[in-house]
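Peer 1: Construct the complete structure from the given sequences, taking the supplied hints into account.
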Amino acid sequence: MRNIENYLLGIDLGTTNVKAIIMDEHGTVVSSASRANSLIFPGPGMVEQDPGAWWEHTAEILRAVTEQAGPEIVRKIRGISISSQTVTMLPLDREGNPLRNALIWMDARSAGELQYIIDTIGFDRYVSIIGAQPDVAFLPNKILWFKKNEPELFAKTYRIMQASSYLNFKLTGQMTMDIDQAARCQCLDINTLKWSDEISDVIGVDLNSILPQPKAVHEIIGSVTASAAAETGLVSGIPVVAGASDAMASMYATGLSQIGEAGESSGTTSLVFVGHDKPSQSDLPVVTKPCSITGMPYIFDAPINTSGASIKWYLDTFGKAEQDYAALHNINVYEHLNQLAAESEPGSGGLIYFPYLLGERAPLWNSHAKGMFIGLSLDTERKDIIRSVFEGTAFALRHVMTTIKDTGAKADCLRITGGGSKSRVWCQIKASMLRMPVYILDEKSGDVPFGDTLIAGHAVGVFPDLTETISKLIQVKEIIQPVEEWADVYDQMYPLYIDMYQHLDSDLIKLKETMAHIQK
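Residue numbers for the sequence shown follow UniProt numbering, so the first one is 1 and each next one is one higher.
Treat the hints as calculated values from the structure; they're not laboratory data. Incorrect hints may have been included.
[Said to hold, decoys possible] Only pairs whose alpha carbons sit at most 25 Å apart, straight line, appear in this in silico DSS-like list of lysine-lysine:
{"no.": "1", "residue 1": "K312", "residue 2": "K383"}
{"no.": "2", "residue 1": "K320", "residue 2": "K383"}
{"no.": "3", "residue 1": "K510", "residue 2": "K520"}
[Stated by the list, open to error] Each pair of labels, with its calculated beta carbon distance range:
{"no.": "4", "residue 1": "P464", "residue 2": "L376", "range": "55 to 61 Å"}
{"no.": "5", "residue 1": "D316", "residue 2": "E67", "range": "31 to 37 Å"}
{"no.": "6", "residue 1": "P44", "residue 2": "I498", "range": "28 to 34 Å"}
{"no.": "7", "residue 1": "F318", "residue 2": "E67", "range": "37 to 43 Å"}
{"no.": "8", "residue 1": "V30", "residue 2": "P464", "range": "17 to 23 Å"}
Just so it is clear, CB atoms sit at the ideal spot from N, CA and C, and this is done for glycine as well.
Peer 2: Take a look at the structure:
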């Protein structure tokens, strides 16, 4: 029996769940726990979360994983890294108390403020500063909205934090932000890696004062305090690392370690990664970010808003028959959806689904986009609708991959992790849609907290060579090849998918404006 001396703790605060694992130095997960998070909808386009619930749920799952692991293992935890959803706006007072609920990335109430910033700075100049496409999900417009609409709370604000930054603060007492989250929040000048004075001037807020100075992903920012240890079951003094966004931690978890491969973390949203040897132009709809993997200095990182969420939406909205059938036959309802989708022919009988239930990020960056079914007829069966949802999300994936490849990046396979990797028919559709093999990864690596443990391990010296560690710990369970007949169908349908979206985009904006007028 191996005498194991090193354990690592990874935590991910996602939009729908907070999860934690304790992993040993050989990649074996010894304990895990998760807890659902709730969304708050104060009004149209408004989505918030309660930071008190974030910490309550995190402390709860930490007590669970430490109890499962036992005191001997807990004493051997060498480092902790936390990732989270991006971007959030959580204002704290000087004592670290939240002043309001956090505005999360889904919140779109600051669209007017975003347009003001773009009009004032100029679109091209703004893109050259932030190195990405402006979007309502990000921080400058949210800060400006907060300043304009809640001035009394804004006046009490000492720091604006990200979700992972807040959990780090609760563990260590230190108010920090990692450079990965900083680069994604669109307040950072990517040319200097400092908070942008130009954006500060436009929104009338000193970003250098209200945002923590960015720390390197692998930098140790503090250690677990005695009070945090008492709440969580941890021991005081464990080093806590700056960490990263859920996107970057997901990239680690896909095992992506060399140029020529793509990775997808397939969950409620999808995060798509492709390594590259040089930075991209900042005006592209998908852009590179710095990467710490040896031989892969940059990574394309493209979020797709509602991939897995589309399947859950179908099930919640139309899926009572499937749920009843699954309950009657004692099978998982998602397995039943897979069976039905497999019974439909590729192309879903001429039905195309557009998975824009929450607008879309990469590569459209369009908050006005809407979900659609096009091609319904009296011949359409339930199995066709289900398959079209799988195919529509795969069309969105192809759109991202095509956009990335147009920059000169290459990918010959797709490594998939997360909940979406458990659907064989979905993976087969993706393989055929992209005309490349899909690698299904061993389930032990299939979640964001696994990536967090790799970050923590590298920071504290347990994993000195990340590339070597990733290749050793993250194994391929199955390779799914494209089906040629399916691929031929998708090659013919994909141009129609793009063309229909482009033709309907302006009408969807008019529809949104019309509904806003009607609902006044």
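Peer 1: Hint by hint, say whether it matches the structure.
Peer 2: Okay, the hints, checked on the actual structure:
With a C-alpha separation of about 15 Å, the suggested pair K312 and K383 falls inside the 25 Å cut-off, and the hint holds. For the hint pairing K320 with K383, the CA-to-CA distance comes to about 14 Å; that is within 25 Å, so the pair holds. At most 25 Å may separate the alpha-carbon atoms for a hinted pair to count; K510 and K520 meet this at roughly 16 Å. In this structure the supplied range 55 to 61 Å holds for P464 paired with L376, their Cβ-Cβ distance being about 56 Å.
Take D316 and E67: their Cβ atoms lie about 33 Å apart, and the range 31 to 37 Å holds. Between P44 and I498 the Cβ separation comes to about 29 Å, which falls inside the hinted range of 28 to 34 Å. Separated by about 40 Å at the C-beta atoms, F318 and E67 satisfy the suggested range of 37 to 43 Å. Range check, V30 to P464: Cβ separation about 22 Å, and the 17 to 23 Å hint holds.
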